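Undergrad: Please work from the sequences and hints to get the whole structure.
Residue numbers (this note's numbering), protein chains in the order written: chain A, 1 to 354; chain B, 1001 to 1276; chain C, 2001 to 2301.
Errors might be hidden in some of the hints.
To be verified - Pairs of lysine to aspartate or glutamate residues, derived as EDC-like cross-links and limited to a Cα-Cα distance of at most 16 Å, are as follows: (1) A:Lys197 / B:Glu1134; (2) B:Lys1112 / A:Asp215; (3) C:Lys2217 / C:Asp2123; (4) B:Lys1084 / B:Glu1192; (5) B:Lys1084 / B:Glu1134; (6) B:Lys1049 / B:Glu1022.
If you are wondering where the hints come from, they were derived from the structure by calculation, not from laboratory data.
Quick caveat, the model's predicted, so the values are computed rather than measured.
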Amino acid sequence: MIYRETGQFRTSYAEDQAIFRLRQDRAGIAVILAVAWIGIPLLADDYLLRAILVPFLILAVAAIGLNLLLGYCGQISLGTGAFMAIGAYAAYNLALRLPGLPLLLDFFLAGLVAAGIGVLFGLPSVRIKGLYLAVATLAAQFFADWAFLRVGWFTNYTPSGSVTAPPLDIFGWLIDTPLEKYWLCLAFACLTAILAKNLVRSRIGRSWMAIRDMDIAAEIIGIRPTTAKLSAFAVSSFVAGGAGVLWAFVHLGSWEPLAFSIDMSFRLLFMVIIGGMGSILGSFLGAAFITVLPIFLNQAPAMVGIQLSTAMVSHLEFMIFGALIVLFLIWEPHGLARLWQIGKEKMRLWPFPY
Amino acid sequence: MLAAATAPAQAPTAQRRRAIGEVLLAVENISLRFGGVRALSGVSFDIRKGEIRAIIGPNGAGKSSMLNVINGFYHPQEGRIVWKGEARPRMRPHEAAKGGIARTFQNIALFKGMSTLDNIMTGRILKMRASFLEQAFWIGRGRSEELRERAFVERIIDFLEIQHIRHTPVGKLPYGLQKRVEFARALAMEPELLLLDEPMAGMNLEEKEDMCRFILDVNEEFGTTVALIEHDMSVVMDISDRVVVLDYGRLLADGTPDQVRNDPAVIEAYLGVAHG
Amino acid sequence: MAELGPVLEVLLGGLMSGVLYSLVALGFVLIFKASGVFNFAQGAMVLFAALSLVRLAEWLPFPLALLVTVLIMIAVAWTVERLVLRPLVGQHGLILFMATIGVTFFLDGFGQTIWGSNVYQLDLGIPSTPWFLFESLFPGGILVSPVDVFATVIAGSLVLALSIFFHGTRIGRALRAVADDHQAAQSVGIPLNQIWLIVWSTAGIVALVAGMAWGSKLGVQFSLSLVALKALPVLILGGLTSIPGAIVGGLVVGAGEKLAELYIGPLIGGGIEYWFAYVLALAVLLVRPQGLFGEKIIERV
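TA: Right, here's the structure in full:
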């Protein structure tokens, strides 16, 4: 099937506003969804599901959260890990202290807690910009690291500081195999992607982008900067918090505060930059890239007969991430998502590029 | 098409008929200082409903500062702005927008990362009411408002003849078109008062004539009051009903184009500058 | 009065580690003033400088190793300026900031790849046994580490030297002109590129000094890079553009976090040092966004 829009006329604004305007795009997404929901479960082994696909999906959700804030609203956050932690510990404590709370409701409430605290740390954004905000969000990160380590109440005074999630029971369906976990994460990832896409093509998304592109001009068309920024913080933290719950409950099972350290925040930042700021698709691409690269670095040298120490692999990883960040910022600030789009444009004209 | 487009702008102003009504906005004794620099001192004038009001003056006369005071970017140390008979002290720009004041900027203030369509759609933000959940799930008003406002915005796009750049990111457009998109965004707000800061700066003759026509059309068809800053004297004298002249932050003259043109103080201020 | 001794000791210790924060913050301020870039990589430069020095000193005489390290730091600073920031000139500050985060990761990885990633002892020939001061005034005296004293002296001289450099020399004047207005400076014939190279090199050398001070205190290891994270709140506190601000900010943070640990720590489980600086900076931001010494940001429309 040739990728072309010839003969597909959009006769109403509704059609023109659809997420996937081209028939080929719609077919493409249908294939991807079929592979994700049916193909992968048939083919993938437990290792692939557990160690790669589940973390990938959860990180993609978290990256969407950060992308809404950074890519769409232009507010930097170096504390996404903290909001994931807040979600995780909120869910843990809610489940612990309110036995019988349905799991999905528990997740939702945990997201709300993260959103609330996100707004709190987003408050400085009302008065300050860019770089200063980085410091405010770092404050959230360090404060959260400390609180979950030192304040015993959050971890129910477990001596080791490590806590364990309750069994994943959703309306009587016990989720314990890697495949079930994968499906659960996939469902959350799809839902998040759709809702996020809807938001960014609605009024609220446009007001975020307006603030990002030029806050002065945003004000003259009636956008309240405070509302726009804080709503971005709230939604972003809600999504990050939800991703944190999934990371803790589904991926890790039991965890320590270290699981959500500043490393996590930086990793998510890299996913958004490399994947593409201001793109939902980019969040997935970035998450995939950052998840797969370390595994590739671990295994590829061995395949060609070079032995690298673990330390060396981690240094290489640092260097590659760092170099890629710089390269993408210089050459393609819209990241992999933009490269993908350029590829599609080329294909639309192929084989007659002029 | 281009020939047709230029024709109305060259038509003499006298042919236009519109009803100029009561005072819409009054500038009362405004003084504005930045540190020790006086940008405006004791300026008063008014803008009447339905008129095209020009603000002219040499560079640094305080014209842009005046617009910034009117829509709430700057708060004057003295004096007040009375909007529709009501004094609005310390009004913020978004409150001005809500009250019905739209504006464009001298150096274009568009959202560079967004398409033409999205830029103009932002002008409709105040008209949209969908709740957060309706937007997130694309249901109810979340969906219907998008369609309704899209239809509205398409009419503006038709009117300003920018259909072909609908989906282009505005950062990639040439200067003249960017100015037009900014104008479109201001129009999308359906303002009662439209503030235009040098809407024709940096345009070629043809683009200027198009712009003049758009301003006149908006004023005539929708009865929108327009206040504009412009350097091109022939444009100012052609399209405006009354002119305010500022010089060194003071009011130098106020009246019809003919009165202002023959005012000795104005002639002196402009002597040698040879505008228009 | 019996308790005054230990409190003073804590205060003094705090002030002296504050000086070390100031040293790192100083590098930030230099670059921010001259090129408007918030250089997150300053901490990575500290680590890179210290690693280079400590490893070179293993097979070169110390003065020679120091000289080579200075040259290396100038080369690093020059490369970063040329390859990363030059192509991004005119971009949004946020983009530049994120680019320096990229540089941070690259430098951290690169430094450890070529120099190794163990903990190395940097021996500057300073006695490690603590001194006891004012034994006549307080029982047991006040315990002070000579390394801290050394670092304080070094930092103090560096600040003095930079002040003279900034205010007394022609280059310094050019620098200040650039900081005020790039375009105006360029139009009166100040070569921007040259100035930026000088600034970045100076920041590289400041990083080296900070690396030596921190390295002799903590050992040269990866965690030096994280010192940058402590310097950020110092910077916010003092104001991004103020050299005195960086100094005072460092002292306030250093002393404040130690005293907070002493007085509030026991009440809430300790470890306040971990976030004190940040929460303090956050509080300052809310009251005075431009920092204690920063210039008020006037926004023109």
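Undergrad: Does each hint hold? Answer for all of them.
TA: So, going through the hints one by one against the coordinates:
1. A:Lys197 / B:Glu1134: 13 Å, holds
2. B:Lys1112 / A:Asp215: Since the Cα atoms of Lys1112 of chain B and Asp215 of chain A sit roughly 12 Å apart, the hinted pair holds (cutoff 16 Å).
3. C:Lys2217 / C:Asp2123: 10 Å, holds
4. B:Lys1084 / B:Glu1192: Judged against 16 Å, a Cα distance of about 10 Å means the pair holds.
5. B:Lys1084 / B:Glu1134: Status violated; Cα separation ~35 Å.
6. B:Lys1049 / B:Glu1022: 6 Å, holds
Of the numbered hints given earlier, the model fails hint 5 alone.
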